[in-house]
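Hints in hand, dock the two standalone chains.
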Amino acid sequence: MIDIKKNDEKKVVISKKSFFKRYEWSAYFYLFPALAIILTFHVLPIFYAMVISVHSGGMTNYFKNFVGLSNFEYVITNKHFWYSMWNTVYYVLGTVPAQIFLSLFIAILLNQKIKGLEMYRVIYFLPVITSVNAISIVWKYIYQKYGVLNSFVGFLTGIPGPDWLMDTTWAMPAIIIMSIWKGLGYNVIIFLAGLQNVPPSLYDAAKIDGAGRWKTFWNVTWPMISPTTFFVMIMSTISSFQVFAQVYMMTGGGPQESTTVVIYYLYQLAYVEHKMGRASALAFILFLIIFAITYFQKKFTAKRVHYT
Amino acid sequence: MFKSVKAEEKFLGTLIHIVLIIGALTMLAPFIWMILTSFKTKFEALDSTIIFPARFIYENYIIAWTKAPFFKYLLNTVFIAISCTILQLISSSLAAYAFSHMEFYGKEWLFSALLATMMVPQQVLLVPNYFILKQLGWLNTFYALIVPWSAGFFGIFLLRQFFITLPKDLWDAARIDGCSRIKFFFKILLPLSTAPLTTIGIFTFVGNWNSFLWPLFVTNDQTYYTLQVGLSNFNQSEGTEWHLLMAASTFCVLPLLIMFFLAQKQFIQGIAHTGSKE
Numbered sequence: 001m002i003d004i005k006k007n008d009e010k011k012v013v014i015s016k017k018s019f020f021k022r023y024e025w026s027a028y029f030y031l032f033p034a035l036a037i038i039l040t041f042h043v044l045p046i047f048y049a050m051v052i053s054v055h056s057g058g059m060t061n062y063f064k065n066f067v068g069l070s071n072f073e074y075v076i077t078n079k080h081f082w083y084s085m086w087n088t089v090y091y092v093l094g095t096v097p098a099q100i101f102l103s104l105f106i107a108i109l110l111n112q113k114i115k116g117l118e119m120y121r122v123i124y125f126l127p128v129i130t131s132v133n134a135i136s137i138v139w140k141y142i143y144q145k146y147g148v149l150n151s152f153v154g155f156l157t158g159i160p161g162p163d164w165l166m167d168t169t170w171a172m173p174a175i176i177i178m179s180i181w182k183g184l185g186y187n188v189i190i191f192l193a194g195l196q197n198v199p200p201s202l203y204d205a206a207k208i209d210g211a212g213r214w215k216t217f218w219n220v221t222w223p224m225i226s227p228t229t230f231f232v233m234i235m236s237t238i239s240s241f242q243v244f245a246q247v248y249m250m251t252g253g254g255p256q257e258s259t260t261v262v263i264y265y266l267y268q269l270a271y272v273e274h275k276m277g278r279a280s281a282l283a284f285i286l287f288l289i290i291f292a293i294t295y296f297q298k299k300f301t302a303k304r305v306h307y308t
Numbered sequence: 001m002f003k004s005v006k007a008e009e010k011f012l013g014t015l016i017h018i019v020l021i022i023g024a025l026t027m028l029a030p031f032i033w034m035i036l037t038s039f040k041t042k043f044e045a046l047d048s049t050i051i052f053p054a055r056f057i058y059e060n061y062i063i064a065w066t067k068a069p070f071f072k073y074l075l076n077t078v079f080i081a082i083s084c085t086i087l088q089l090i091s092s093s094l095a096a097y098a099f100s101h102m103e104f105y106g107k108e109w110l111f112s113a114l115l116a117t118m119m120v121p122q123q124v125l126l127v128p129n130y131f132i133l134k135q136l137g138w139l140n141t142f143y144a145l146i147v148p149w150s151a152g153f154f155g156i157f158l159l160r161q162f163f164i165t166l167p168k169d170l171w172d173a174a175r176i177d178g179c180s181r182i183k184f185f186f187k188i189l190l191p192l193s194t195a196p197l198t199t200i201g202i203f204t205f206v207g208n209w210n211s212f213l214w215p216l217f218v219t220n221d222q223t224y225y226t227l228q229v230g231l232s233n234f235n236q237s238e239g240t241e242w243h244l245l246m247a248a249s250t251f252c253v254l255p256l257l258i259m260f261f262l263a264q265k266q267f268i269q270g271i272a273h274t275g276s277k278e
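Chains A and B, in that order, are what the protein sequence lines are.
In terms of our numbering, the first sequence opens at residue 1 and continues consecutively.
In terms of our numbering, the second sequence opens at residue 1 and continues consecutively.
In isolation and in its complexed conformation, chain B is listed as follows (with noise of 0.2 Å):
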């Protein structure tokens, strides 16, 4: 059909990028129809066939502002996000430490039934957190949101298994110089996870900033809410105001868009990681 194969390849190239591109837009018309009608008049908002706004009417963002407190659920949530990332980052590498590096009684037990506990869904959890959250007088507190997600298997997972691809040699010869084990987690340890670290950092950090079952859950009161519970209570008591609820969603997005954005390698480089390893 083709008059070479040169003339083919070049075809089935333009094809591709065609395709390509259909998909790209598709993924990408929701947040472009987001991002204008935030901009419109409650009318125009409700006219599909008008595309772009007459005006741009920034002032959409300050009503919605203003009717619910965006800016404290952002802060909770950035508040709440980079506390469990820390934390579990600590948490789990000292645990992938002692999994990796030393020898104790129960050691290949513990490590079983911590895997096994990572089969057991998040649903299973909630209703005896509930519980356990209301008699420590937790709920409705930083506590409940952060404390049960400063640690998890799988951090401690992925760092065991890349602590144990390091040379065994590094421990003896940090030891016969001197070295303890603190310092030799904290000087030579760690600066060398970088990788891992990074991949658990963003997992978490994500994970966490994205999480709205639980918060869900462990909150009622506005003050503790994130962005998500409180988007998602904004959406309930706005109905149609999709103007308004365009510029909220546009203001809940944006920041992980630029996290992305800023850090895109490491973010796709830990996916395709976790996809790889099993």
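The shape of chain A in the complex, shown without the other chains (with noise of 0.2 Å):
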């Protein structure tokens, strides 16, 4: 089947090729094992997922009612489920920003070309690389009320820490502090790729424009690192939504919800209660917000993005 013609007749040829003729048909036996796999496991879900959010039913038995959008209903008047929004949007406002200060600080250090920074990089990756559940259990350790936190920070400052995980106030800043801790290294090093992307003419151009260090960063690093910024914040965001083994791990939602977020109120929902119509629910739901927060951060910082 090989069309060995001169170029411009080949434009003719292939209008006048017959459909059958026209694609490469053996395509289909090449997508046919990722896309069985996707079909069945990540696009199928979705559409059964609308089904069992509109049944209400157990485990075995989730097609035995049509009940409409009830289960919506539910959650969404459900105090149980705006506890676990709140809690999750003080958990995101709480990571995200210091997390992004954090890491785009310690990247722009270790830009300076300082020795030793594979060997930086790759300790500030370690807390990434490791199991949320293991680091968790070691965390949990560490916040215990006669931990060595609490016996870090007294004999510091001389005040006695609080029990952290059982504390009401503290529990929440305790996982965030923990989440920070975790996803640092991660963000540093997308931030050292795209500072290392800024050609060091504009530097030279500054430098000789007299620009001091604050305002070579104002006017030259930060817009030219933009994309790179614009696209961890969205990351962080989407990914601290969904938030849930550290919660697990460290506090099991407590106390008294005060550390519940969305997905562990899901995962109690679902596997907990059993009501896998309201979890399907609530997934959904969760998707929309997550959907739309995305949508938003993205018409309101796009214009500032300045890409080359």
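Hints listed in this document are in silico derivations from the structure and should not be mistaken for laboratory results.
From a predicted model like this one, the values you see are computed outputs, not experimental measurements.
Idealized CB from N, CA, C, for every residue including glycine.
Some clues are possibly wrong.
Stated by the list, open to error - Just the calculated beta-carbon pair ranges, DEER-fashion: (1) A:Tyr295 with B:Phe11: 41 to 51 Å; (2) A:Asn78 with B:Leu25: 40 to 50 Å; (3) B:Leu25 with A:Pro255: 23 to 33 Å; (4) B:Ala116 with A:His80: 24 to 34 Å; (5) A:Phe296 with B:Ala263: 34 to 44 Å; (6) B:Tyr143 with A:Val51: 19 to 29 Å; (7) A:Pro255 with B:Lys107: 45 to 55 Å; (8) A:Met119 with B:Ile35: 13 to 23 Å; (9) B:Ile63 with A:Pro199: 51 to 61 Å; (10) A:Val51 with B:Ala113: 17 to 27 Å; (11) B:Ile21 with A:Gln297: 33 to 43 Å; (12) A:Leu117 with B:Ile63: 37 to 47 Å.
As the list claims (entries may be wrong) - In silico lysine-lysine, PhoX-like type, Cα no more than 25 Å apart, as pairs: (13) A:Lys113 with B:Lys265; (14) A:Lys215 with A:Lys113; (15) B:Lys183 with B:Lys107; (16) B:Lys10 with A:Lys207.
Take a look at the structure:
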């Protein structure tokens, strides 16, 4: 089926080719393995979830009753849902800005052509690569009332630390701190890559113009890495809305629901209360919320992103 | 304030190093604490003013191993992660090949549709997949843990982008020489793609290794537990046996850390790439 014709003839030939000859039908064999799996486990479930969310029932008889939108209504009018949304927003606002700021700061420091760059990168990345379950156990231990963190704080400031994970005021900040610690290295690497892509000639030009450190950062570095910052901001927000493992391992949603985030609430609905319909409804609501937030984030900041 | 520009730069350089070192110590401190405590007695572990154990008690590890089948968990996790990675590399590269080198009906539409599905968070898929797996009879088997993650758009996307950057004449030249599609794929295309394949391999492997919510949902039989699920169970059953918990955590964390140390460059380059591709 090789058409070795001249270029100007080729165009005419293609338009006259039959539907069957125009396409390479063996392509579908190449697509089949991936498509089969993606369709079955990533696409079909979306529609299946829609069906489940309008029925009520437990683990075995989930198609028992058609209940229309009452699952959605249940979730939206449920105070536990709103507690979990509040907790999640608290978590996101606590982790994302701090993480962006700290990781950019560290990345800038690392970008100053200092010795031991590789070593620092590896060390900062260690928490990222560690399983969140294992490291949550370690942090739970550290956060004990008479644990090492309070000893350290007491040693430095003389103030006895709280029983972090058992205190309704401090439990969420404790989880936030741990999450910032864990995710920092990942964003450091991404920012570092972004920083290294800034052409040095711009810095030279700034130097010639007599710009000081701060002015150079604000007028050269910051705009040039804005696509990276944009990416980090969106990705961090989306992923922090889905926080679960730390809460599961360290606090079990407590004390008194102060750390029950949305996904933890979903877990409770599905795995503990076996309310699959409601859990599905909740998942869709969460999806819509994340979608909306991402949309607005993009809308409000896209103008400020400077592409080269 | 400073005698010269050089003096100022030296001061800043030192300051930068101090800040970075403090940061690095903060990153490392929990790990060090974890490892030290894993060798302590129960009472040493409960006293946070004791930093070093009087004797390095390795028996904690043995006790933890007898209380829960961590070795089995490790084998399960390794088996699942490797299987998923290999299968994903195969399925993604084949599909990406089709998207980048072949014309077929519905190509653009399919690509956009797949892209759209990636926006849906994993949690939406949890409940329905539970039922799908149940109907397939795959709950509490390795099938549930491996098959759904044997393909994904992330790999297809990265590889397609990469394949497109290769010269178009490559295939034409090979074709003229009598090379078949399959031969081209295995003998020419794949060997050229080691960089993106490594990135996808690492992401898939690590993502799978550390995956928690999914295995939690689809298994409740201890023989199929991964390290993460097994560890979370152990956490619930051991309460404040911190010395044992630290031993278990160290054991769970170590394999991936070792792999990371051996393949640092690939890890870090892979991540830097995903950030800059956006």
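task: Quick one: which hint numbers does this structure break? Sort them smallest to largest.
output: Going through the list in order, the structure violates no hint and respects every one.
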